[in-house]
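Residue numbers (this note's numbering): 22 to 492.
No lab work stands behind these hints, which were simulated from the structure alone.
Fair warning: there could be bad hints in the mix.
Unchecked claim - Taking lysine to aspartate or glutamate pairs in the EDC-like style, the calculated list, with each CA pair at most 16 Å apart, reads:
| # | residue 1 | residue 2 |
| --- | --- | --- |
| 1 | K484 | D451 |
| 2 | K391 | D312 |
| 3 | K391 | E441 |
| 4 | K391 | D135 |
| 5 | K484 | E457 |
| 6 | K484 | D410 |
Stated by the list, open to error - For each label pair, taking beta carbons as the anchor points, the in silico distance ranges come out as:
| # | residue 1 | residue 2 | range |
| --- | --- | --- | --- |
| 7 | M363 | P458 | 34 to 42 Å |
| 8 | K438 | G460 | 17 to 25 Å |
| 9 | R51 | N357 | 31 to 39 Å |
| 10 | S405 | P337 | 26 to 34 Å |
| 11 | S405 | N357 | 40 to 48 Å |
| 12 | R51 | A487 | 18 to 26 Å |
| 13 | G261 | N357 | 47 to 55 Å |
| 14 | A360 | A157 | 37 to 45 Å |
| 15 | P81 | G214 | 53 to 61 Å |
For glycine and all other residues, C-beta sits at the position ideal for the given N, C-alpha and C.
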Amino acid sequence: MNNSSSSRIEAELEALIASASPGSRLPSTRELTARHAVSPVTVQAALRSLAARGLIETRPGVGAFVSPDRAVAPRDYSWQTGVLGATGALTAETSAALRPTRTDAISLHSGYPDRTLLPERLVRSALTRAGRSDSALERPESAGSTALRAWFASELASQTPAHLTAPNAQDVLILPGSQLGLGVLFRNIAGPGGTLLIESPTYWGAILAARQVGVTLVPVPSGPDGPDLVALEQAFVETGARAFYAQPNFANPTGAQWSPATSARVLDIVQEHRAFLIEDDWAHDFGITTDAMPLATRDDSGHVVYLRSLTKSISPSIRVAAVIARGPLRYRLLANLQAQSMYVSGLLQAAALDVVTQPAWRTHQRSVRKQLRARRDLLIDAVSTHVPDATISAIPPGGLNLWVQVPDIVDLGQLTKDAEARGLVIANGDEWFPAEPAGRHLRLNFAGPDPAAYERAAILLHKSLAAQRDL
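Could you put together the complete structure from these sequences and hints?
This is how it looks when you write it as structure tokens:
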């Protein structure tokens with residue numbers, strides 16, 4: 022099916038609908054097929070889209086008609102307020118990283134890589150093969166397919182020193198995306214009303230997941246080399262927390278990677294306090310100048326709980342992740358996951374395993390590494406050249422983002438609105454702080470579409486910052 026032809030037909034019919042009266046008949050499928058020299062399937066796709074939006078009604082064997090006007094009366098849902106009660110700290114706001122934007126804007130806000138950085142051919146072929154296999158029809162194991170669990174385990178085992186016991190497939194649980202995994206981990210380790218230590222700044226989705234399960238967050242300041250070790254030790258002593266959530270490799274939003282000394286000391290602190298380190302290795306496949314070195318490879322006593330997702334590196338539609346946990350925690354997590362999601366789609370598991378076991382997967386990873394470096398350096402150069410008010414304190418060795426500081430007097434809410442009005446979409450850095458933000462920051466994604474527009478993006482950002490100074 023030709024998507025552009027379908028969109029063109031849809032646009033033509035929308036114009037007709039706007040000037041027609043309710044109940045008016047639209048051109049037939051045969052007429053539209055002949056007029057646009059397309060197949061009936063393409064025309065039907067346009068009609069289905071319009072019908073789904075409530076603009077037309079289709080009558081089999083008769084035709085398509087402009088939908089009649091319907092009176093929209095206000096509804097009273099006030100009864101739900103008393104039934105549901107207060108929400109606490111939760112809100113219905115969507116993070117800037119997920120917000121849809123107009124197509125003509127320069128997008129530096131997303132948390133996902135552009136489609137050109139995905140292994141599209143591998144994904145399409147893998148989905149086709151998975152659709153023809155038994156995985157498309159059979160119910161998978163609750164813990165996940167044995168082959169995929171073995172692959173995740175082998176990834177860690179390949180980096181585990183010989184004197185430590187490497188993880189195996191039995192230690193792995195497959196998840197429908199890492200976001201669900203965060204909630205399950207926080208609920209089962211910290212518990213509702215419990216305390217969780219967390220890097221600051223850190224992934225906004227982890228902050229949301231913790232609040233959703235009723236966990237109290239205690240921020241630990243973190244910089245280019247990792248968390249403040251004195252502050253981490255003190256937080257464990259003062260709170261008696263059971264766990265520390267962190268991203269040692271290419272942290273979101275800063276792109277920071279812990280130094281070896283910091284990693285070793287954090288592991289010592291966690292073990293000394295008989296606690297867990299929840300290690301979120303979200304950007305394992307996005308190393309630029311260094312490789313990810315998971316702390317989970319240095320621990321075989323069950324203190325490190327390892328979370329890794331393939332969603333960003335393979336495709337946003339392949340929501341497959343894994344948690345590696347040892348001991349009683351693994352069984353507790355499995356029981357909780359069974360209660361929430363039962364199992365992960367076998368078809369998606371098969372497709373994910375197909376992609377990462379193809380020889381072309383490694384070739385793709387090497388290509389992405391080069392592209393990310395070029396994009397990162399291009400955006401750094403653009404910001405450094407055209408935005409004198411912005412400070413990039415550290416060049417990220419991996420990940421997808423630049424963490425940019427702007428003057429403290431900047432109103433970030435107004436800045437993001439002004440920038441979007443000019444055609445630039447950026448992410449307000451306040452979302453990545455579990456408590457009050459330490460300064461004014463922006464997270465700029467260098468893995469988004471159209472890197473040729475980065476220079477213009479920097480110019481627009483400078484204009485928006487200048488507009489605030491003039492107020």
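Here's how the hints hold up against the structure:
1. K484 with D451: violated (21 Å)
2. K391 with D312: Judged against 16 Å, a Cα distance of about 13 Å means the pair holds.
3. K391 with E441: The hint is violated at about 30 Å.
4. K391 with D135: holds (14 Å)
5. K484 with E457: violated (27 Å)
6. K484 with D410: Roughly 11 Å separates the two Cα atoms, so the pair holds.
7. M363 with P458: 34 to 42 Å: Given range 34 to 42 Å: holds, Cβ gap about 39 Å.
8. K438 with G460: 17 to 25 Å: Holds - the Cβ-Cβ distance for K438 and G460, about 20 Å, lies within 17 to 25 Å.
9. R51 with N357: 31 to 39 Å: violated (56 Å)
10. S405 with P337: 26 to 34 Å: holds (31 Å)
11. S405 with N357: 40 to 48 Å: Cβ of S405 to Cβ of N357: about 47 Å, so the range 40 to 48 Å holds.
12. R51 with A487: 18 to 26 Å: About 58 Å separates the Cβ atoms of R51 and A487, which means 18 to 26 Å is violated.
13. G261 with N357: 47 to 55 Å: violated (23 Å)
14. A360 with A157: 37 to 45 Å: violated (25 Å)
15. P81 with G214: 53 to 61 Å: 57 Å Cβ-Cβ, so the 53 to 61 Å window holds.
Hints 1, 3, 5, 9, 12, 13, 14 from the earlier list are contradicted by this structure; the remaining hints agree with it.
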